[in-house]
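Could you put together the complete structure from these sequences and hints?
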Amino acid sequence: MHRTAVKKVVLENVLDANDTLARANRDVFDRAETYTINMMSSPGAGKTALLERTLERLRGELRLGVLEGDVQTTLDADRLARFHIPLVQVNTDPGFGGECHLDANMVRSGLGELPLDDIDILIIENVGNLVCPAEFRVGEDVRVMVYSVTEGEEKPLKYPLMFRSADLVLVNKVDLLEHLDFDLEQFLGNLDAVNPGVRTVLTSARTGQGIGEWCGWLRQRLENV
Amino acid sequence: MHELAIAESVVRIASRQADGRRVTKVQMKVGYLRQVVPSALTFGFGLVAEGTPVEGAELQMEQVPAEGRCRGCGVENKLGSLPLQCGGCGGFDLEILKGEELMVESLELEEA
Ligand SMILES: Nc1nc2c(ncn2[C@@H]2O[C@H](COP(=O)(O)OP(=O)(O)OP(=O)(O)O)[C@@H](O)[C@H]2O)c(=O)[nH]1
Ligand SMILES: [Mg+2]
Ligand SMILES: [Zn+2]
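Listed in order, the protein sequences are those of chains A and B. So the mapping is simple: the working numbering equals the position in the first sequence, first residue as 1, plus 63. So the mapping is simple: the working numbering equals the position in the second sequence, first residue as 1, plus 123.
These are calculated hints, taken from the structure and not from any lab test. Predicted model only: the values in this text are computed from it and were never measured. No false leads were mixed into what you were given.
Computed footprint of chain A on chain B, listed as stretches where at least three residues anywhere in the stretch have a Cβ under 8 Å from a Cβ of chain A: (1) 130-140; (2) 150-162; (3) 195-207; (4) 211-221; (5) 227-235.
Below, computed lysine-lysine pairings styled on BS3-like, alpha-carbon distance capped at 27 Å: (6) A/LYS218 - B/LYS221; (7) B/LYS152 - A/LYS70; (8) A/LYS221 - B/LYS152; (9) B/LYS152 - B/LYS221; (10) A/LYS221 - B/LYS201; (11) B/LYS221 - B/LYS201; (12) B/LYS221 - A/LYS70; (13) B/LYS221 - A/LYS71; (14) A/LYS71 - B/LYS152; (15) B/LYS152 - B/LYS201; (16) B/LYS221 - A/LYS221; (17) A/LYS70 - B/LYS148.
For glycine and all other residues, C-beta sits at the position ideal for the given N, C-alpha and C.
See below:
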């Protein structure tokens, strides 16, 4: 048996399907007038801790909701349950390909459980990872990156995709600065090199430093809608 | 491992575009800035392709180097490694011209 091969030109972007779903999510958020934040960081930078501080301060003032992306545990969601806010946990697929980030489809699967009409700001805590989440839009209005000062000054240069895509960078764990050999100016310079002019807030989920400024930034989001 | 997610998407695209035929080769363009590990993508591709029209197909990746124009001095740079830095003035503020590609370019299909 003799078979010949034919070539077919495709020219299709690999992430198109995800981007299409992300736009559909965005339409859902827009219709519900829910402002949506994709929160990304390396593992353990302090996303959940900052959310706890944020909810302590803004609960009762803003109607916040959280979508937790986590690898197979509900630990982060459990930490936020005490705030009695709309909260949904999306366990990322432990099978092929989904274990390191949220994608638009995973976020969509969690939306049915959230009363979006009653949420002013939805914060999506992405999976801790510096590479993968940057590739996958989920329908967010903005991207907030949490970076912790324990990570080293060169990270923006090593992971430019994520640092370039952030609209705001929370520089967290600044309470540890006095114990660390960390050059904050050098980090901020590296960050500005890959994402010129990006806004930063120095925060500590431990001492509360910067939480007021970050909450002010969140309030401003709603004024601009 | 975003390579597995990328592999899934590549296999989905190839399966749909195959129109019921068997795929023998998938040609991709992968930009340097995507930080894709080729061996991981090839491995994931093989796994995900099982049981689809793409099973057994060869994955060919054309790696596209990064290129950027310096916003400081205007020099256009080929960027071979991270950090992305201007060869002219040493600046880091670059407008990216190439290197963010992630595309299925073409397929080779068995004639029906
Ligand atoms: N000293 C100090 N520790 C912090 C701060 N923020 C978070 N931590 C600690 O850092 C660890 C990780 O914090 P998490 O809030 O779980 O980080 P995360 O980004 O949600 O982690 P993943 O969801 O697992 O990626 C915990 O032990 C926190 O108590 C901070 O500002 N200062
Ligand atoms: Mg967390
Ligand atoms: Zn230059």
